[in-house]
Amino acid sequence: MAPQSPPKATLEHSQSASGSAAADEFQEEEHHYRSGPLRWLLTTNHKEIGSLYLIFSLSMFMIGGAMALVIRLELFQPGLQMIQPEFFNQMTTMHGLIMVFGAVMPGFVGLANWMIPLQIGAPDMALPRLNNFSFWLLPIAFTLLLSTLLMPGGGPNFGWTFYAPLSTTYAPPSTTFFIFALHMAGISSILGAINIIATILNLRAPGMRLMDMTLFVWTWLITAFLLIAVMPVLAGVITMMLLDINFGTSFFNAAGGGDPVLFQHLFWFFGHPEVYIMILPAFGIVSVIIPTFARKRLFGYASMVYATAAIAILSFLVWAHHMFAVGLPLVAELFFMYTTLLIAVPTGVKVFNWITTLFRGEITFETPMLFALAFVVLFTIGGFSGLMLAIAPADFQYHDTYFVVAHFHYVLVPGAVFSIMAAVYYWLPKWTGHYPDERLGRWHFWLSVIGVNLLFFPMHFAGLAGMPRRIPDYALQFADFNMASSIGGFLFGFSQLLFIWVVVKCVRGGVKAPANPWDGATDLEWTVPSPAPLHTFETPPDLRGFKFH
Amino acid sequence: MWDVVKSVLAAFFGVQQDQRRRKDFEQGKPGAFIIVGILLALVMVAIVFAIARMAAG
Amino acid sequence: MRKMFALAALLAGLSGQFPISHATDWNMPVGVSQVSRDVYDLHMIIFWICVVIGIVVFGVMFYSLFRYRRSKGAKAAQFHEHTTVEVLWTAIPFLILVAMAIPATATLKNMYDASEADYDVMITGHQWRWQYDYMGEGVTFFSNLGTPREQIAGTEEKGEHYLLEVDEPLVLPINRKIRLLTTSADVIHSWWVPDLAVKKDAIPGFVNESWTRIDEPGIYRGQCTELCGKDHGFMPVVVHAMEQEQFDAWLEERRQAAAADAGGVDREWELAELVERGEKVYATICAACHQAEGQGLPPTFPALAGNQALMDDLEHHIDAVVNGVSGSAMASFSGTLNPIDIAAVITFERNAWGHETGDVVQPADIQALLSP
Numbered sequence: 116m117a118p119q120s121p122p123k124a125t126l127e128h129s130q131s132a133s134g135s136a137a138a139d140e141f142q143e144e145e146h147h148y149r150s151g152p153l154r155w156l157l158t159t160n161h162k163e164i165g166s167l168y169l170i171f172s173l174s175m176f177m178i179g180g181a182m183a184l185v186i187r188l189e190l191f192q193p194g195l196q197m198i199q200p201e202f203f204n205q206m207t208t209m210h211g212l213i214m215v216f217g218a219v220m221p222g223f224v225g226l227a228n229w230m231i232p233l234q235i236g237a238p239d240m241a242l243p244r245l246n247n248f249s250f251w252l253l254p255i256a257f258t259l260l261l262s263t264l265l266m267p268g269g270g271p272n273f274g275w276t277f278y279a280p281l282s283t284t285y286a287p288p289s290t291t292f293f294i295f296a297l298h299m300a301g302i303s304s305i306l307g308a309i310n311i312i313a314t315i316l317n318l319r320a321p322g323m324r325l326m327d328m329t330l331f332v333w334t335w336l337i338t339a340f341l342l343i344a345v346m347p348v349l350a351g352v353i354t355m356m357l358l359d360i361n362f363g364t365s366f367f368n369a370a371g372g373g374d375p376v377l378f379q380h381l382f383w384f385f386g387h388p389e390v391y392i393m394i395l396p397a398f399g400i401v402s403v404i405i406p407t408f409a410r411k412r413l414f415g416y417a418s419m420v421y422a423t424a425a426i427a428i429l430s431f432l433v434w435a436h437h438m439f440a441v442g443l444p445l446v447a448e449l450f451f452m453y454t455t456l457l458i459a460v461p462t463g464v465k466v467f468n469w470i471t472t473l474f475r476g477e478i479t480f481e482t483p484m485l486f487a488l489a490f491v492v493l494f495t496i497g498g499f500s501g502l503m504l505a506i507a508p509a510d511f512q513y514h515d516t517y518f519v520v521a522h523f524h525y526v527l528v529p530g531a532v533f534s535i536m537a538a539v540y541y542w543l544p545k546w547t548g549h550y551p552d553e554r555l556g557r558w559h560f561w562l563s564v565i566g567v568n569l570l571f572f573p574m575h576f577a578g579l580a581g582m583p584r585r586i587p588d589y590a591l592q593f594a595d596f597n598m599a600s601s602i603g604g605f606l607f608g609f610s611q612l613l614f615i616w617v618v619v620k621c622v623r624g625g626v627k628a629p630a631n632p633w634d635g636a637t638d639l640e641w642t643v644p645s646p647a648p649l650h651t652f653e654t655p656p657d658l659r660g661f662k663f664h
Numbered sequence: 016m017w018d019v020v021k022s023v024l025a026a027f028f029g030v031q032q033d034q035r036r037r038k039d040f041e042q043g044k045p046g047a048f049i050i051v052g053i054l055l056a057l058v059m060v061a062i063v064f065a066i067a068r069m070a071a072g
Numbered sequence: 023m024r025k026m027f028a029l030a031a032l033l034a035g036l037s038g039q040f041p042i043s044h045a046t047d048w049n050m051p052v053g054v055s056q057v058s059r060d061v062y063d064l065h066m067i068i069f070w071i072c073v074v075i076g077i078v079v080f081g082v083m084f085y086s087l088f089r090y091r092r093s094k095g096a097k098a099a100q101f102h103e104h105t106t107v108e109v110l111w112t113a114i115p116f117l118i119l120v121a122m123a124i125p126a127t128a129t130l131k132n133m134y135d136a137s138e139a140d141y142d143v144m145i146t147g148h149q150w151r152w153q154y155d156y157m158g159e160g161v162t163f164f165s166n167l168g169t170p171r172e173q174i175a176g177t178e179e180k181g182e183h184y185l186l187e188v189d190e191p192l193v194l195p196i197n198r199k200i201r202l203l204t205t206s207a208d209v210i211h212s213w214w215v216p217d218l219a220v221k222k223d224a225i226p227g228f229v230n231e232s233w234t235r236i237d238e239p240g241i242y243r244g245q246c247t248e249l250c251g252k253d254h255g256f257m258p259v260v261v262h263a264m265e266q267e268q269f270d271a272w273l274e275e276r277r278q279a280a281a282a283d284a285g286g287v288d289r290e291w292e293l294a295e296l297v298e299r300g301e302k303v304y305a306t307i308c309a310a311c312h313q314a315e316g317q318g319l320p321p322t323f324p325a326l327a328g329n330q331a332l333m334d335d336l337e338h339h340i341d342a343v344v345n346g347v348s349g350s351a352m353a354s355f356s357g358t359l360n361p362i363d364i365a366a367v368i369t370f371e372r373n374a375w376g377h378e379t380g381d382v383v384q385p386a387d388i389q390a391l392l393s394p
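Residue numbers (this note's numbering), protein chains in the order written: chain A, 116 to 664; chain B, 16 to 72; chain C, 23 to 394.
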């Protein structure tokens with residue numbers, strides 16, 4: 116993998132029908148904007164809201180990451196050194212909540228805001244004011260969530276899965292605020308999803324059929340349906356908690372005739388599709404980046420779409436594999452084992468398609484491609500451990516150990532997070548008009564890859580050797596693995612400062628990027644100038660006859 | 016109708032010839048595909064459940 | 023490719039620096055029951071399947087990355103579909119998964135068949151200790167973390183079984199089918215012993231069933247695996263498996279001790295002996311929440327020391343311990359502590375940390391409350 120300099124600008128490219136009409140628009144002067152902070156508070160522009168989402172996501176990623184470093188610091192060696200178990204539990208809980216609801220999901224929504232209109236030739240999102248509202252709910256929700264750490268009794272300390280009755284009868288008083296914050300984040304997600312569906316179904320430029328859309332748009336369309344289907348379930352379950360805590364009901368309180376296992380069924384009926392909500396857009400991103408840098412059409416476009424839909428449908432049928440140890444009846448146990456194994460088939464198809472896209476391509480290794488390739492390898496490793504976890508009898512040994520922690524961090528960090536980073540490197544030239552610094556990007560990539568593997572790979576061994584998750588202190592035989600993980604954690608964590616630096620540097624200046632900065636890229640967003648003007652496709656481009664992917 | 020079922024089954028399997036797909040997208044109404052898709056998904060659930068029951072004895 | 027080597031080198035370097043004592047520490051234990059061996063085999067089969075698929079898939083990937091790079095003069099081919107290949111790579115994984123599901127189903131059915139057990143043990147999870155009840159034998163006891171707090175705080179050298187030792191292990195006979203019934207008195211816990219391949223959630227209001235048949239005498243260690251609050255990391259499980267004769271002798275001894283205790287309920291107890299006994303009960307049962315000096319962890323766990331409202335209301339104090347406090351973390355102890363221990367701990371609390379109520383709660387009075 117010898118270093119490559121970024122490809123030199125090649126402005127001429129297949130811009131058959133779309134260009135001219137749209138390009139004329141861009142010559143017009145930008146008009147009437149508020150200046151100052153109010154502009155950001157009131158903006159309804161998809162690009163500005165997209166940037167807001169991405170900045171928010173990055174801030175949450177750093178806050179959640181700092182909490183992870185507190186955890187890794189305490190786990191550096193056996194014994195309680197830095198923090199007490201009460202605070203440790205708040206850190207694991209907040210780390211999970213912030214990364215899932217504050218970093219990964221808003222990160223993908225930010226990319227959707229920026230890129231979906233550009234990739235389908237729409238002037239903006241279908242519901243711009245709603246878009247503004249969806250975003251501004253988030254900073255409020257997460258400020259409230261973070262403020263619980265300062266309340267008497269501390270913040271949520273029952274894990275991001277907040278199993279009742281630990282999260283109801285035995286929870287700290289701040290739990291009501293946690294519920295309120297989660298409600299707001301949930302409303303934000305539902306509104307965002309409605310907006311994305313409305314945009315994709317109604318605002319495609321004339322001539323673009325569904326099967327002409329990029330995989331990124333496709334995966335987001337399916338993800339948005341998943342969000343609408345399951346976020347209300349989450350809202351329902353936290354409302355039941357709210358009633359149990361404050362109004363004396365007993366949904367989850369066995370002493371009052373309630374059912375703690377009901378909580379888990381409801382939570383995971385939300386939670387498993389949620390897992391796919393955090394990975395399907397990543398599939399879309401990688402399916403867009405790999406063909407660009409292999410200079411070859413995506414292999415099996417149709418089967419990629421079908422596989423995404425299949426994964427989405429199956430995601431509603433596998434929730435109880437998170438609950439193999441709660442004592443389900445044998446038939447249920449077998450049913451969920453079989454459906455979980457089934458989901459490996461469409462997931463495998465995706466990996467095979469990516470690799471066949473590489474096969475006989477013309478490959479270069481710019482930073483976005485490096486992250487996309489690392490995604491394919493490391494996500495697949497996470498997929499393998501997922502396959503192992505699907506085997507119910509073996510899952511009794513893996514369940515709630517560090518093996519599971521290793522598994523879901525592999526699919527979420529070098530999976531979802533790497534895909535977001537790949538997307539940022541890939542689209543930064545379009546957003547800023549400058550190439551990101553390729554040399555620093557490479558440093559960021561290699562430090563991240565080494566750090567992330569050193570962080571999460573030893574966790575497989577710790578889990579198999581018997582270390583439960585969510586413990587602040589551990590037996591001596593787990594010491595080596597934890598020390599390695601902690602070193603990797605700090606390496607990975609501090610490497611992300613480099614990422615921030617690359618982004619800031621790129622916004623401020625750098626090598627000028629042409630409209631299409633990557634010579635293998637063919638999607639619609641590359642037909643508008645770089646940086647993309649505030650308003651694009653004000654007159655929809657006529658795409659009849661446009662050569663899609 | 017049979018064509019719709021065949022196309023949906025092909026989609027479940029994830030492999031479909033390009034021409035057939037093109038034909039489906041040009042002629043078929045999306046409603047028919049969606050309804051058949053949901054029905055077949057339910058059938059699949061029933062089949063997996065039946066297998067699980069059989070296996071459990 | 024290079025990154026794999028770099029990773030391997032780093033891992034090798036680390037393991038050189040911190041020697042790993044046993045090779046088995048890197049993998050799932052084979053265990054000491056037929057079920058645990060079956061589970062281990064399943065684990066290794068699926069692991070090797072993943073390794074083989076990984077070698078093939080990553081092999082093709084890295085070959086492509088190496089062979090078809092632009093710097094080597096590669097020119098992109100234009101194919102983007104191939105029905106036969108797509109059918110094959112959908113069908114083959116499906117068949118592999120079916121092949122994997124068959125032995126997994128058989129093992130699972132075996133794990134679920136807890137019928138015809140020789141002994142029944144009821145396992146109750148508490149914040150943060152386990153209670154074992156040998157059903158029908160009249161023997162029940164708590165199993166608390168045995169590691170001294172000084173080792174956790176680091177003021178004392180950590181022992182060999184740091185955090186994996188208890189004051190009283192679960193004692194079981196070998197070569198007998200033991201049915202394990204798990205439930206909880208407060209939040210959800212999970213009882214896990216890797217060497218037995220038994221992990222079952224302990225859920226309030228539910229009784230879950232699992233079983234084991236241990237082949238070899240020995241001491242097997244595990245932990246609670248469901249987050250259950252502050253001391254989730256400090257409630258280990260220890261099973262001591264022994265020959266049948268030894269087990270019978272142990273059980274008989276425990277039975278007699280229990281009988282002797284039961285006789286003590288009716289007699290009149292002195293303040294001093296109740297306080298002495300209560301101090302021990304407090305340390306093992308109450309101190310985890312209300313803390314060693316009774317200062318508590320407000321607001322979830324209120325302070326007892328200096329709690330004037332509590333000292334003024336003996337009846338409420340007894341009621342809270344016996345019946346728990348609804349809607350709070352305070353559990354009912356009527357089913358888990360015997361009348362002597364309840365009387366002792368209340369008496370202790372009312373005469374410790376500067377409290378000088380002089381109240382003496384008699385076990386017989388508690389007994390009367392429990393069985394009116």
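Please note that a few of the clues may not be correct.
[Said to hold, decoys possible] Quick list of simulated restraints, FRET-style, between CB atoms:
#1 A/T354 / C/G285: 49 to 59 Å
#2 C/S356 / A/T354: 25 to 35 Å
#3 C/D63 / A/V619: 36 to 46 Å
#4 B/G72 / A/L377: 26 to 36 Å
#5 A/W558 / C/D237: 27 to 37 Å
#6 C/A128 / A/L265: 23 to 33 Å
#7 C/F88 / A/L265: 22 to 32 Å
#8 C/E290 / A/V446: 18 to 28 Å
#9 C/G328 / A/G363: 23 to 33 Å
#10 C/D237 / A/W275: 33 to 43 Å
#11 B/V20 / C/K97: 21 to 31 Å
#12 C/V120 / B/P45: 49 to 59 Å
#13 B/I50 / A/K627: 44 to 54 Å
I should point out that these hints are in silico values taken from the structure, not numbers from a laboratory. What you are looking at is a predicted structure, and each value in this text was computed from that prediction instead of being measured. Ideal placement from N, C-alpha and C gives every residue a C-beta, glycine not left out.
Query raised in the report: At the C-beta level, are C/D237 and A/W275 separated by a distance inside 33 to 43 Å?
Result: Taking Cβ atoms as reference, C/D237 and A/W275 lie about 39 Å apart, which means the hint holds.
Query raised in the report: Does 22 to 32 Å hold as the CB distance between C/F88 and A/L265, or does it fail?
Result: Since C/F88 and A/L265 have Cβ atoms about 54 Å apart, the given range 22 to 32 Å is violated.
Query - Range hint 36 to 46 Å (beta carbons of C/D63 and A/V619) holds or violated - result: About 53 Å separates the Cβ atoms of C/D63 and A/V619, which means 36 to 46 Å is violated.
Requested in this report: Using the beta carbons of A/W558 and C/D237, state whether their distance is inside 27 to 37 Å or not.
Outcome: At roughly 54 Å between Cβ atoms, C/D237 and A/W558 fall outside 27 to 37 Å, so the hint is violated.
Requested in this report: Starting from the hint 49 to 59 Å, judge whether the C-beta atoms of A/T354 and C/G285 obey it.
Outcome: 53 Å, holds
Query raised in the report: Is the distance from the Cβ of C/V120 to the Cβ of B/P45 consistent with 49 to 59 Å?
Result: 33 Å, violated
Query raised in the report: Do the Cβ positions of B/V20 and C/K97 conform to the proposed distance bound of 21 to 31 Å?
Result: Given range 21 to 31 Å: violated, Cβ gap about 42 Å.
Query raised in the report: Falls inside 26 to 36 Å, the C-beta gap from B/G72 to A/L377?
Result: 28 Å, holds
Query raised in the report: If you check the beta carbons of B/I50 and A/K627, does the distance land in 44 to 54 Å?
Result: 52 Å, holds
Query raised in the report: That 18 to 28 Å hint for C/E290 and A/V446 (C-beta), does it hold up?
Result: 58 Å, violated
Requested in this report: Determine whether the Cβ-Cβ distance between C/G328 and A/G363 falls within the hinted range of 23 to 33 Å.
Outcome: 30 Å, holds
Query raised in the report: CB of C/A128 to CB of A/L265, is that within 23 to 33 Å?
Result: 54 Å, violated
When held up to the earlier numbered hints, the structure conflicts with 3, 5, 6, 7, 8, 11, 12 and fits the remainder.
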